[in-house]
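Protein chains in written order, with the working numbering: chain P, 1 to 217; chain Y, 1 to 468.
Worth flagging that the hints you see were computed from the coordinates, not collected in a lab. Computed from a predicted structure; not experimentally measured. Watch out, some of these pointers could steer you wrong.
As the list claims (entries may be wrong) - Label pairs and their calculated CB-CB ranges:
id, chain 1, residue 1, chain 2, residue 2, range
1, P, A121, Y, Y321, 43 to 49 Å
2, P, A121, Y, L110, 42 to 48 Å
3, P, A85, Y, F178, 37 to 43 Å
4, Y, R310, P, A85, 31 to 37 Å
5, P, A121, Y, L12, 54 to 60 Å
As the list claims (entries may be wrong) - Pairs of lysine-lysine, DSS-like flavour, derived with a Cα cap of 25 Å:
id, chain 1, residue 1, chain 2, residue 2
6, Y, K200, Y, K252
7, P, K91, Y, K380
8, P, K91, Y, K88
9, Y, K384, Y, K328
10, Y, K384, P, K133
11, P, K133, Y, K88
Heads up, the beta-carbon is just placed ideally off N, CA and C, and yes, glycines get one too.
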Amino acid sequence: MSTKSLFRPLSLLRQPTRLYSSSSSPFTPSLTLPTTNNRSQSQSPSPSQSRSPTSALHELFGKSELSDPSKESFLSSSLSSLTGAAEEGLKQQHRTEMYLRKHPRNWRAGDVYAPHDLSPAEAKKWRGVKAPKRDVIDMLGVNPLDNYRNFSMISEFMTPMGRIMHSKDTGLRPVNQRKMAKAIRRAIGLGIHPSVHRHPEVMKMRGRINTGMTGGF
Amino acid sequence: MASRSVSPGGALLRASRMFSMPAPLPPPAQDAAQATFRSHSDTATTAYPTHQVITTFSHARKEGDWGLKRPLPLRSTTKSSTPMLRIKAIDTIEQITDYASGADHGLSLLKFQELGLPIVTPPPRGAEHRAEAAVGIRSVFEDDIDCTDVAPKDRPKLVDRRWRFSGPWLAGMSPGDFKKYLAEKVRPRRHEFRAFLMTKIVRDLNEARRERALNRGETWDESDEITAETVPGEIVSEFLRGVRQQNATLFKLVGEFLDLAPLKRPSELDITSLANSFRYQADVAHDTRNPYAENGPPSTHPSAGLSYIRTNGYMDNHPVYGPQKERKPVEARVLKPRTNQNYYAKLGIAGFVSETLSGDNIHNQKSAKSPLRQFDPDLKGGAKIYVHPSLASVDSAGKLLILVRDFVDPEAELVARELIGDGEGLFGQQQRQPVEEELSQETLRRKYSQKVSQGAEDYGISFGKVDN
Numbered sequence: 001m002s003t004k005s006l007f008r009p010l011s012l013l014r015q016p017t018r019l020y021s022s023s024s025s026p027f028t029p030s031l032t033l034p035t036t037n038n039r040s041q042s043q044s045p046s047p048s049q050s051r052s053p054t055s056a057l058h059e060l061f062g063k064s065e066l067s068d069p070s071k072e073s074f075l076s077s078s079l080s081s082l083t084g085a086a087e088e089g090l091k092q093q094h095r096t097e098m099y100l101r102k103h104p105r106n107w108r109a110g111d112v113y114a115p116h117d118l119s120p121a122e123a124k125k126w127r128g129v130k131a132p133k134r135d136v137i138d139m140l141g142v143n144p145l146d147n148y149r150n151f152s153m154i155s156e157f158m159t160p161m162g163r164i165m166h167s168k169d170t171g172l173r174p175v176n177q178r179k180m181a182k183a184i185r186r187a188i189g190l191g192i193h194p195s196v197h198r199h200p201e202v203m204k205m206r207g208r209i210n211t212g213m214t215g216g217f
Numbered sequence: 001m002a003s004r005s006v007s008p009g010g011a012l013l014r015a016s017r018m019f020s021m022p023a024p025l026p027p028p029a030q031d032a033a034q035a036t037f038r039s040h041s042d043t044a045t046t047a048y049p050t051h052q053v054i055t056t057f058s059h060a061r062k063e064g065d066w067g068l069k070r071p072l073p074l075r076s077t078t079k080s081s082t083p084m085l086r087i088k089a090i091d092t093i094e095q096i097t098d099y100a101s102g103a104d105h106g107l108s109l110l111k112f113q114e115l116g117l118p119i120v121t122p123p124p125r126g127a128e129h130r131a132e133a134a135v136g137i138r139s140v141f142e143d144d145i146d147c148t149d150v151a152p153k154d155r156p157k158l159v160d161r162r163w164r165f166s167g168p169w170l171a172g173m174s175p176g177d178f179k180k181y182l183a184e185k186v187r188p189r190r191h192e193f194r195a196f197l198m199t200k201i202v203r204d205l206n207e208a209r210r211e212r213a214l215n216r217g218e219t220w221d222e223s224d225e226i227t228a229e230t231v232p233g234e235i236v237s238e239f240l241r242g243v244r245q246q247n248a249t250l251f252k253l254v255g256e257f258l259d260l261a262p263l264k265r266p267s268e269l270d271i272t273s274l275a276n277s278f279r280y281q282a283d284v285a286h287d288t289r290n291p292y293a294e295n296g297p298p299s300t301h302p303s304a305g306l307s308y309i310r311t312n313g314y315m316d317n318h319p320v321y322g323p324q325k326e327r328k329p330v331e332a333r334v335l336k337p338r339t340n341q342n343y344y345a346k347l348g349i350a351g352f353v354s355e356t357l358s359g360d361n362i363h364n365q366k367s368a369k370s371p372l373r374q375f376d377p378d379l380k381g382g383a384k385i386y387v388h389p390s391l392a393s394v395d396s397a398g399k400l401l402i403l404v405r406d407f408v409d410p411e412a413e414l415v416a417r418e419l420i421g422d423g424e425g426l427f428g429q430q431q432r433q434p435v436e437e438e439l440s441q442e443t444l445r446r447k448y449s450q451k452v453s454q455g456a457e458d459y460g461i462s463f464g465k466v467d468n
């Protein structure tokens, strides 16, 4: 019988695990495959003849209760055992991310930390968005008025509602704050920048930055 | 100067701790990140201390005597096991002494000195996370790069060896700072620069004339030399027009005049330099060998006074097992595991933040169980791993960067654990805290909905079931 010839190699495969439990020599081809006691589905007198490759492979995966091939497809059962580990990994990753949210400090190499820096009170200070402490226009050495056409810059100093940001949010000193506000009014007055929201191209770009899908050259 | 006689009171004051405290340093230079909307904190420990940290004897501490103008309150100064304070003001208008704990920097220094690492020149840019970071770097105390006392006339000659420059490092300046520097410091010195160029041109001319005269066999006298007065001023303008296209010569002259820190040619890995490599080869005649040209010169001595060890070529001697092949590994705290956002895990060694190395090593394996990949809240005291720190360097911002080796010798780790009596952790497992029941509304409700007293059972009196 063709099925019998299929079974025998599988039985040989299975043999090494029974090596230490039985006293029989390892090379006697045994037709009795290791069966579990709670096998209700297989009622045949000679288990080897009724065993399908599916059920044998199930045993290899350690899923002896799923012996009925019609009930569950082989593919899904093996996949579930394989994806079990992946699922676990994803769960752990999610857990890690959730816990790391509680310590949002962006550690840089060379920073010094004391036990106080790891306390929740200090960790809270690093959460959220803060107003800048230094004047970015001074750092860059640009003239805001010459950049009225620079939509990223104009949108940066605008709230999502299209209002000009206060200097306590921009961190600019009064001279630069006035110049920046004038540049924004100029861009809006010329009709090249929206007045009630940020520039759509900038929003699109920022959206990509937030998802990490920027495809820049 | 004749020595002035000092009164006894004056002598006492001069020798006192109060008068020997140095002036506070300016605070650490703020990151460019401080100009953005990213979070920052005022109370976070700074990269280096700005005030002197003082300590006192235990018998004086319990009386509040720290050698200052007045005794300090006992409740806040006697409870710690580390008596370290930093004095922000010896006396204020409110007649108090402004002090704070200095144990954060004080203990970090002691812990770092326990590591016994040598301080070396900074690794080349781009190689900080690779195992090749140690190539080409040397101890900062090598004679040829540790030049502290340089006479002004010798400065241009030693530009490849010095670490202190009075001019800025142009590559590290932001555009706004550069424009400000040009307007305030450079522009007023134009005449001075022309005079400087004139002396150089006159000297070169004299050299050329002397050479020609000697070649022709004529005698050359000091009186035959030309001086700056006889030479017309247009020569300088002509020279400047000619040298305008030669970046290397121009930078040499300007750098000498302004005492600028040397700049390094961009590395060959830079794409733009590859494209313009033809032009670069024409321009850059001299590439400096200064080890600080790539990342900027340090603001203090390159060692920052943290460690005076010159090499890590020494062996540890174990009292029982004898000389050890590897030095003792150190327990590092995993501050942030590797995630999609940060490629390198952040480790805390002796209070300093360091990063793991890239490449195929044990820190970068994909096994999910490693504390470098995932966060486990049940680990007692937080996730910690053993690492071998190898070298340390101080960057131009004053931060100490500790280079970690990419492997840990398992034997060395066991020996280190045994030394501290970590018998339970001998097989590489950190103790886990017992899992506490999650506190949620449900569990609390369940806990408190049970009756406080069960009745007779609470008193140890149990009746049999009554059949009714």
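Looking back at the hints listed earlier, which ones does the structure fail to meet? Hints 2, 3, 4, 5, 8 and 10 not satisfied by this model.
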